[in-house]
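Asker: Going down the list, the protein sequences come from chains A and B.
Using the UniProt record's numbering, the letters of the first sequence correspond one by one to residues 1 to 278.
Using the UniProt record's numbering, the letters of the second sequence correspond one by one to residues 1 to 449.
Please note that the accuracy of each hint is not assured.
[Stated by the list, open to error] Taking lysine to aspartate or glutamate pairs in the DMTMM-like style, the calculated list, with each CA pair at most 25 Å apart, reads:
hint: 1; chain 1: A; residue 1: Lys62; chain 2: A; residue 2: Asp198
hint: 2; chain 1: B; residue 1: Lys102; chain 2: A; residue 2: Glu229
hint: 3; chain 1: B; residue 1: Lys249; chain 2: A; residue 2: Glu229
hint: 4; chain 1: A; residue 1: Lys92; chain 2: B; residue 2: Glu314
hint: 5; chain 1: B; residue 1: Lys113; chain 2: A; residue 2: Asp198
hint: 6; chain 1: A; residue 1: Lys61; chain 2: B; residue 2: Glu393
hint: 7; chain 1: B; residue 1: Lys291; chain 2: A; residue 2: Glu180
hint: 8; chain 1: B; residue 1: Lys384; chain 2: B; residue 2: Glu442
hint: 9; chain 1: A; residue 1: Lys132; chain 2: B; residue 2: Asp322
hint: 10; chain 1: A; residue 1: Lys167; chain 2: B; residue 2: Asp289
hint: 11; chain 1: B; residue 1: Lys249; chain 2: B; residue 2: Asp263
hint: 12; chain 1: A; residue 1: Lys61; chain 2: B; residue 2: Glu442
hint: 13; chain 1: A; residue 1: Lys61; chain 2: B; residue 2: Glu419
hint: 14; chain 1: A; residue 1: Lys61; chain 2: B; residue 2: Asp418
hint: 15; chain 1: A; residue 1: Lys61; chain 2: B; residue 2: Asp144
hint: 16; chain 1: A; residue 1: Lys61; chain 2: B; residue 2: Glu314
hint: 17; chain 1: B; residue 1: Lys437; chain 2: A; residue 2: Glu197
hint: 18; chain 1: A; residue 1: Lys106; chain 2: B; residue 2: Glu442
hint: 19; chain 1: A; residue 1: Lys133; chain 2: B; residue 2: Glu442
hint: 20; chain 1: B; residue 1: Lys262; chain 2: A; residue 2: Asp165
hint: 21; chain 1: A; residue 1: Lys92; chain 2: B; residue 2: Asp322
hint: 22; chain 1: A; residue 1: Lys92; chain 2: B; residue 2: Asp296
hint: 23; chain 1: B; residue 1: Lys212; chain 2: A; residue 2: Glu197
hint: 24; chain 1: B; residue 1: Lys261; chain 2: A; residue 2: Glu229
Honestly, the hints are just simulated from the structure, not real lab data.
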Amino acid sequence: MEFKKFRLCKLFCAALLLLGLILSAPVQTSAFSEQVIQHGATGDDVVELQARLQYAGFYNKKIDGVFGWSTYWALRNFQYEFGMEIDGVAGKQAKDKLVSITNYDKAFVMRQIQEGNTFTYYGGTPQEQQVKKRGNGGNGGNEGSKANPSNTSAVNVPNGYSQNDIKLMANAVHGEARGEPYEGQVAVAAVILNRVEDPSFPNTISGVIFEPRAFTAVADGQIWLTPDETAEQAVIDAINGWDPSGGAIYYFNPNTATSPWIWGRPQIKTIGEHIFCM
Amino acid sequence: MYKWVIIGVLALALTGTAIWGMNERQEKNDIRMQAENNYQRSFHELTYRIDTLHDKIGATLAMNSRDSLSPQLAEIWRLSSEAHTDVGQLPLALMPFEKTEKFLTNIGDFTYKTAVRDLDKEPLSEEEMQRLEKLHDNAGQIKDELRNVQNTVLGNNLHWSDVEMALSDDEPDHSDNAIISSFETVENSSGGFNEEKDFNNGALPASNEEHKFEGVTGERINQKQAKTIAAKAFDLNSISGITGGKSGKGSDVPLYSLSYKKDGESGYADISQKGGHILTLMMQRDREDPKLGLHDAQQKAQDFLVKQKLTEMEMVQSSQYDSVGIFFFVPVQDDVRIYADIVQVKVALDNGDILGYNARDYFMNHHERDIAKPKLTEEQATEKLNQNVQVQETHLALIENDTHEETLVYEIMGTRNDETYRIYVNADTGQEEEIEKQTTTEARFLQST
């Protein structure tokens with residue numbers, strides 16, 4: 001008797017498992033890569049993670065392909081609800097669970113992101129009702145712009161900085177130090193940031209950059225050349241804390257410097273063509 | 001006949017050129033005048049504001065009622081900040097005008113701190129009154145000098161654009177320019193009043209260098225040893241391609257700055273002369289598409305830190321920027337995160353190479369710390385928060401507060417209406433030391449056609 005009950009139970013379990021497999025089979029077509037997805041990640045896996053979390057009702061912000069704080073809290077809630085370890089990191093267990101309970105229409109989601117549409121991806125609501133095409137009312141500022149070339153519609157930025165702040169600094173760095181070694185460009189970006197902190201200089205990035213006579217590239221208009229990617233990377237490194245200038249607030253090119261005063265400053269080091277000093 | 005035609009054409013061309021030249025000249029003058037007027041406005045506003053600042057400080061000193069003291073201090077704070085902006089718009093950079101700017105920053109910091117304080121509970125101390133008295137004197141001196149300059153400028157019709165010209169000249173001596181020489185007088189008269197080291201109200205923003213590189217310990221190394229360390233960090237077999245040398249006397253810690261460059265790849269390292277610690281490491285090369293996830297990259301970063309003998313480090317922030325991952329680590333002592341000793345590591349996501357490492361803050365601030373137990377429990381600390389903030393995560397942390405003292409706090413990650421905030425609550429008093437809204441992602445701007 002006891003034995004038979006056990007067998008029945010086993011059979012039942014097997015049937016359930018099979019049912020589960022059948023149900024989830026069509027979903028398996030596009031699933032996560034091997035990557036363990038964590039805070040700060042960007043790309044296709046993040047898009048899928050956000051879409052699946054939204055499908056299950058845990059995530060209600062934009063599906064943008066960047067694992068930010070909202071995604072982090074959504075994932076933790078999900079882990080909590082399903083009794084997993086709450087670490088906010090999407091490992092195998094969390095990904096498998098998500099794949100088994102949600103549907104992911106990769107083609108649909110990717111198309112919306114590339115076309116720049118505003119959309120949601122909740123389970124149980126028809127897809128066409130969740131899309132608001134770009135240009136049809138709404139944020140008019142985007143009209144006439146190209147479609148998004150990337151698979152994500154957002155980017156990581158250092159806390160409190162906009163892509164435009166980075167662009168402005170990259171312009172200054174490119175104008176001042178293109179042709180300098182990479183560390184020389186980071187050092188120039190770091191000097192701008194050191195000046196913002198210094199009591200003797202303006203308190204904003206734009207204030208420091210556009211202070212009359214502060215930078216030759218601003219005076220002669222070279223700041224408006226289109227910066228290359230290197231300048232932008234240098235700026236991001238400097239904002240994230242790198243400072244090869246050693247805390248400098250001045251630098252000059254010894255071949256062209258005319259002010260005797262600048263030679264009197266205590267020098268820290270030379271990088272490329274520039275001498276950095278306090 | 002031909003002669004007359006040619007003469008006619010030439011005459012026409014000459015008139016045309018003359019008219020064109022006149023227009024150009026006119027335009028150039030207009031633009032110059034516009035720039036000049038901007039300078040003039042900033043300068044006259046600066047003198048007016050310093051004058052008002054002087055009066056307001058005087059009024060504050062004469063004031064008895066505390067009710068009006070706070071608004072008055074806030075007003076001085078606003079004026080000093082505006083005056084600082086004016087200075088920033090004058091073509092004075094590369095001219096020693098720092099002391100006046102430092103004065104403006106000092107008065108701004110001092111009045112801000114006192115304006116936001118509850119003066120009923122904690123009135124201005126005798127020491128603070130004395131300091132205000134001194135700031136009043138300083139403001140008076142600067143005001144008098146600036147009014148003199150203003151008089152010269154107006155009386156002699158002086159132009160700021162001439163200052164700009166004079167400063168860009170090769171001439172080392174600018175004393176023939178009236179504006180420059182009078183500004184030098186202002187600067188000299190303000191000399192000596194920023195040497196107020198004993199004042200302990202945190203009004204000296206440049207003074208947060210308390211434990212200067214105590215973390216740098218060990219035997220002094222020579223240049224060859226430094227190059228060997230760098231070669232290892234750059235993943236090179238020999239030190240032959242590495243160039244560089246000792247840092248100058250302006251450096252806050254004696255360093256070897258070393259770099260190398262070969263076929264599209266470059267590297268740079270700052271290595272302390274004492275102990276041979278790597279303080280900064282940067283590598284640059286072209287990268288392929290990411291093949292590594294942030295999680296694996298984090299492991300690489302952690303392994304690297306262990307090689308630098310930095311153990312007990314906790315990863316507090318990870319971000320992917322295209323094909324690199326940047327990780328922030330802080331040391332953890334008795335379960336307390338020590339933010340002053342933050343270390344950054346940059347990992348290439350195409351092959352997992354370490355592209356950057358920054359331990360300047362770590363070596364600058366790291367020292368033996370005695371961390372007391374918090375007086376408040378986690379529950380007591382979170383109770384003090386705004387009711388609308390939902391607490392998600394809590395850690396103990398050591399941060400530098402407004403007055404640059406290390407303070408034990410509860411670091412609370414909370415959410416309110418889909419926004420995430422990082423809140424530091426003093427672990428002994430329950431006071432909110434700092435709140436930062438977390439904005440680490442931004443919608444991508446689509447390029448306009």
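Asker: Does each hint hold? Answer for all of them.
Answerer: The hints, checked one at a time:
1. Taking the CA atoms of Lys62 (chain A) and Asp198 (chain A), the gap is about 38 Å. The hint is violated against a cut of 25 Å.
2. Taking the CA atoms of Lys102 (chain B) and Glu229 (chain A), the gap is about 36 Å. The hint is violated against a cut of 25 Å.
3. Under the criterion of a C-alpha separation no larger than 25 Å, the hint pairing Lys249 (chain B) with Glu229 (chain A) is inconsistent with the structure, at around 34 Å.
4. Distance hint between Lys92 (chain A) and Glu314 (chain B) is fulfilled; the C-alpha atoms sit about 23 Å from each other, no more than 25 Å.
5. For the given pair, Lys113 (chain B) sits about 18 Å from Asp198 (chain A) by alpha-carbon distance, which is consistent with the 25 Å threshold.
6. With a C-alpha separation of about 20 Å, the suggested pairing of Lys61 (chain A) with Glu393 (chain B) holds against the 25 Å cut-off.
7. With a CA separation close to 30 Å, the supplied pair Lys291 (chain B) and Glu180 (chain A) exceeds the 25 Å bound.
8. Simply put, Lys384 (chain B) and Glu442 (chain B) have alpha-carbon atoms about 31 Å apart, too far for the 25 Å limit, and the pair is violated.
9. Proposed proximity of Lys132 (chain A) and Asp322 (chain B) is contradicted: the alpha carbons are some 28 Å apart, above 25 Å.
10. Restraint check: the Cα-Cα separation between Lys167 (chain A) and Asp289 (chain B) comes to about 23 Å, which is no more than 25 Å; the hinted pair holds.
11. At most 25 Å may separate the alpha-carbon atoms for a hinted pair to count; Lys249 (chain B) and Asp263 (chain B) exceed this at roughly 33 Å.
12. A hinted pair counts as satisfied when its Cα atoms are at most 25 Å apart, and Lys61 (chain A) with Glu442 (chain B) qualifies at roughly 13 Å.
13. About 11 Å separates the Cα atoms of Lys61 (chain A) and Glu419 (chain B), which keeps this hinted pair within 25 Å; it holds.
14. Of the pairs offered as hints, the one joining Lys61 (chain A) and Asp418 (chain B) holds, with about 8 Å between alpha carbons and a cut-off of 25 Å not exceeded.
15. Our distance criterion of 25 Å between C-alpha atoms is broken by Lys61 (chain A) and Asp144 (chain B), whose separation comes to about 58 Å.
16. Distance check on the hinted pair: Lys61 (chain A) and Glu314 (chain B) sit about 29 Å apart at the alpha-carbon level, beyond 25 Å; violated.
17. For the hint linking Lys437 (chain B) to Glu197 (chain A), the alpha-carbon distance of about 20 Å falls within 25 Å, and the restraint holds.
18. With a CA separation close to 23 Å, the supplied pair Lys106 (chain A) and Glu442 (chain B) stays within the 25 Å bound.
19. Of the pairs offered as hints, the one joining Lys133 (chain A) and Glu442 (chain B) holds, with about 20 Å between alpha carbons and a cut-off of 25 Å not exceeded.
20. Proximity of Lys262 (chain B) to Asp165 (chain A) is assessed by CA-CA distance (about 32 Å); at most 25 Å being required, the pair is judged violated.
21. Between Lys92 (chain A) and Asp322 (chain B) the CA atoms are separated by roughly 24 Å; this keeps the pair inside 25 Å, and the hint holds.
22. Straight-line distance between C-alpha atoms of Lys92 (chain A) and Asp296 (chain B) comes to about 14 Å, which keeps the hinted pair within the 25 Å bound.
23. A distance of roughly 18 Å separates the Cα atoms of Lys212 (chain B) and Glu197 (chain A); the hinted pair therefore holds under the 25 Å criterion.
24. For the given pair, Lys261 (chain B) sits about 19 Å from Glu229 (chain A) by alpha-carbon distance, which is consistent with the 25 Å threshold.
Hint compliance for this structure: hints 1, 2, 3, 7, 8, 9, 11, 15, 16 and 20 are not met, and every other hint is.
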